[in-house]
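**Q** From first to last, the protein sequence lines stand for chains A and B.
Using this note's numbering, you'd call the opening residue of the first sequence number 857 and step up by one each time.
Using this note's numbering, you'd call the opening residue of the second sequence number 857 and step up by one each time.
Don't take each hint at face value.
Since copy identity is lost for identical chains, a pair holds within one copy or between any two.
Derived pair list, reagent style SDA-like, types lysine to any residue, alpha-carbon separation capped at 25 Å [unchecked claim]:
1) LYS901 <-> GLU911
2) LYS1111 <-> GLN866
3) LYS1246 <-> ASP1068
4) LYS1252 <-> ILE991
5) LYS1017 <-> ASN990
6) LYS1107 <-> ASN979
7) LYS1180 <-> VAL923
8) LYS1180 <-> GLU1243
9) LYS913 <-> ILE991
10) LYS1242 <-> ILE892
11) LYS1242 <-> GLU1036
12) LYS1151 <-> VAL966
13) LYS901 <-> PRO1249
If you're looking for bench data, these hints aren't it; they were derived computationally from the structure.
There are 2 protein chains.
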Amino acid sequence: MLSNRLNMIQASPIRRLYPYSDEATRRGIYVYPLNIGQPDIETPKEYLSAICNFEDKVLSYAISRGVPELINSFVKYYNKHKIDFNSDEIIITNGGSEALLFSMLALCDVGDEILIPEPYYSNYNALAQIAGVNIIPITTNAESGFSLPDKSTILNLVTPKTKAMLITNPSNPTGKVYSEAEISLIREIALEKNLFIIADEVYKEFIYDGLDFISFAHFEDVEDKVIVIDSISKRYSACGARIGCVASKNKDLMKGMLKLAQSRLSVATLEQVGAANLINVPDSYMEEVKIEYKKRRDLVYNALQEMEGVICKKPLGAFYIMAKLPVVDAEKFAIWLLEEFNINNETILITPAENFYATEGLGRDEIRISYSINLEALKKSMHILKEALKVYPGRK
Amino acid sequence: MLSNRLNMIQASPIRRLYPYSDEATRRGIYVYPLNIGQPDIETPKEYLSAICNFEDKVLSYAISRGVPELINSFVKYYNKHKIDFNSDEIIITNGGSEALLFSMLALCDVGDEILIPEPYYSNYNALAQIAGVNIIPITTNAESGFSLPDKSTILNLVTPKTKAMLITNPSNPTGKVYSEAEISLIREIALEKNLFIIADEVYKEFIYDGLDFISFAHFEDVEDKVIVIDSISKRYSACGARIGCVASKNKDLMKGMLKLAQSRLSVATLEQVGAANLINVPDSYMEEVKIEYKKRRDLVYNALQEMEGVICKKPLGAFYIMAKLPVVDAEKFAIWLLEEFNINNETILITPAENFYATEGLGRDEIRISYSINLEALKKSMHILKEALKVYPGRK
């Protein structure tokens, strides 16, 4: 009696191991959460303070495109990143997720296709299912550090139904930061094949080793084809705010997007008030966050390098590492860690990576580690992983 | 290059007259907003105070189904209304709009049909367009006070593609409250034809003249077929909170809905904290609101009765009145009011009703008046409407 599309949506793979994790907790085992991208950094106090200064007696609908103060704060923020968006080119959304859904709905009819490098953020599947869009994966692998394949491989995937390429940069789940050459390649294909580029850049601040972030919005040649997906969730450790935006210089697109925004009336007013005040957070906040995350990345990466049989190139961004393990089935390993393994009553919750791939069979021996918990916890977690791999019966 | 479905979505008819209204304001004319359902009642202070007491250092994602405190407050709230939902049967949504979208996505595949009495809330069109659902109107009219037609008329509209009936009770835009007989009729048809009932009951508190509210969730015979759409927007004058919920005793449905909820991760955490505290608002708040709205309804209704050629039965709920005017084209009249008419530099913004009808040609001489502004403003507004109708050149 329910719809086929509902039945086709998979339950979140990131959350699927919670029952095992809960059961471990009930047995008195402490479980380090390496599974979710929920930063442990404090949210800037500017957020809540602005909300508590709200003086209107009536909590009214905000306008559908977003409150001007927040839109203007995004304009200023983009200016800092040498990205030129004016206030007409930005619509506030319920987090990056809604910005993604709006983009799929705006570009695709049912049955249309979007190219996405795999492994990719598994939530894209649910959003594509809702929009009736087929995701066509551009396969990449751990050995190459998840670099894009050559041009002809990507061109071979383009059909008359292809409407866009969705690039997550820096990438969740891989931590990959696309090189200038890779970004040029995507632009070239977009221009040749007349495709949109949906640039999910919510991790843009999380880039290490002195690298500069290159946004697709930096390039005039594709400016009418680029849709930037953004969110304050990660950079301000404000996942619970559900404030994001979609930005594009394509006027027709933004006009259409506004109708989608009107269909849900508005984004929560107070969250917009809080988010608008984040422009007043000093730059030092993000610099310190970045230093902290770099330390975490180094700790996890170095620890993985020391584990026999683990394959993993150093990721340059976001706060995730994908690693290929010397196990047959990473999901079984993840469950075994929760059910049968512990060191001093502590174990870890990791995300099996198979669901980040669309191609059947890929990623079965890979995991994603989120390093959004503190250094001490990460150190213990890596020790647990190392010792577990030594004794796990399902090794290759 | 954009999707057909995007092009098919109409811009909000409620907001379409804003350019004319803005222009009038620029010319120094004060415009009474009779067009939107934004109550002017103060939001209970319990909302913001709970948010400002929030003590977590990190504004994390809430769980996808909603924070337990808020879900439990809905359970208690429903108990007060003799509606039995437990916490597993409720998912918190971004306002009633998301609850509606989730319902459509969960019940219908692309091309499936939902029956809705027309005139109906025009936003349903955009949501149906997004979900690829066809709305089949059950036509009702001003002369009968928007009562449902007889059973055979409705049965004739049911096809193998029909998945649900969507009933807004009390109704936006008509203010209609469905009688026990009408509710029985809908239940009968749902049982006979195995259809879901999507019961949009966000205005349930706004019922006048001593009537008791009858929820579709009061009836065990249809309990696995009823989906209640709810929102705190109207009853607590908290439209900007974007807090609603979807509730059903159908376990498979709720399990599927949870996947939809996971696809957008969560609803804003602080708004849920604020909304959960509304359970502590004394009952007297709503009683006073109701007394105030009844006065407004009476004022507008009585004024309309005194205008020659206006047809309008007394609505029993919500805060809208639909009226048939002695004009050829209500949209032209609405624009004329903004461009060419004023009394002491004051005029009114009304909503032409044509867009509330799916059937071509219906409602062209009707308007919706929202009485969510204060009595003094309504009194002046009705005077303006009365005088305008006397001199309007486009009279029938």
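**Q** Now, for every hint given, state plainly whether the structure supports it.
**A** Consistency of the hints with the structure:
| no. | hint | verdict |
| --- | --- | --- |
| 1 | LYS901 <-> GLU911 | both (18 Å within a copy, 11 Å between copies) |
| 2 | LYS1111 <-> GLN866 | between (32 Å within a copy, 11 Å between copies) |
| 3 | LYS1246 <-> ASP1068 | neither (39 Å within a copy, 68 Å between copies) |
| 4 | LYS1252 <-> ILE991 | neither (31 Å within a copy, 55 Å between copies) |
| 5 | LYS1017 <-> ASN990 | both (9 Å within a copy, 24 Å between copies) |
| 6 | LYS1107 <-> ASN979 | between (28 Å within a copy, 23 Å between copies) |
| 7 | LYS1180 <-> VAL923 | neither (45 Å within a copy, 36 Å between copies) |
| 8 | LYS1180 <-> GLU1243 | within (16 Å within a copy, 78 Å between copies) |
| 9 | LYS913 <-> ILE991 | neither (46 Å within a copy, 38 Å between copies) |
| 10 | LYS1242 <-> ILE892 | within (20 Å within a copy, 61 Å between copies) |
| 11 | LYS1242 <-> GLU1036 | neither (35 Å within a copy, 67 Å between copies) |
| 12 | LYS1151 <-> VAL966 | neither (44 Å within a copy, 49 Å between copies) |
| 13 | LYS901 <-> PRO1249 | neither (48 Å within a copy, 59 Å between copies) |
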